[in-house]
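Asks: Sequence:
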Amino acid sequence: MGLRCCTQRPPKQKREIKIGCFGVDGAGKTTILKMIKGEDPRGVLSTNGFSMIDMEYNDEFTIKVYDLGGHERIRDIWTNYYAEVSDTLEMIRQLLYSM
Numbered sequence: 137m138g139l140r141c142c143t144q145r146p147p148k149q150k151r152e153i154k155i156g157c158f159g160v161d162g163a164g165k166t167t168i169l170k171m172i173k174g175e176d177p178r179g180v181l182s183t184n185g186f187s188m189i190d191m192e193y194n195d196e197f198t199i200k201v202y203d204l205g206g207h208e209r210i211r212d213i214w215t216n217y218y219a220e221v222s223d224t225l226e227m228i229r230q231l232l233y234s235m
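For the sequence shown, the tail end lands on 235 under this note's numbering, and the numbers increase by one without skipping.
Read the hints as simulated data drawn from the structure, not as lab findings. Any given hint could be a false lead.
Stated by the list, open to error - Across the chosen pairs, the derived CB separations fall in these ranges:
hint, residue 1, residue 2, range
1, Asp190, Arg211, 20 to 26 Å
2, Arg229, Ile172, 16 to 22 Å
3, Asp212, Met191, 25 to 31 Å
4, Arg178, Ala219, 17 to 23 Å
5, Thr167, Arg209, 19 to 25 Å
6, Arg209, Pro146, 45 to 51 Å
7, Thr215, Gly179, 16 to 22 Å
Quick caveat, the model's predicted, so the values are computed rather than measured. Each residue gets a CB set at the ideal place from its N, CA and C atoms; glycine is no exception.
Let's have the full structure, built from the sequences with the hints guiding it.
Replies: If you want it as structure tokens, here you go:
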């Protein structure tokens, strides 16, 4: 009975990766994350505050993405998430002007 507990391996724990998605409002952060998940990005609304998106990859690891709102009044909360994440995804918005 004691030998059995020593020969069984504990279940393999999934590695967790936390990513912060940062960028100004209207840059497309939520839209690109929905597309990565295979969801329809039409009708996406501006993120007020933050939302969390969970994804899994091959039963090896889970990915948690903090999708942070980009409006100027929300950007002050970004610093609260820098210590929580191991990687960042930074989106920029490019505006094209006619001359």
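Asks: For each hint given before, does the structure comply? Return the numbers of the non-compliant ones in rising order.
Replies: 4, 7
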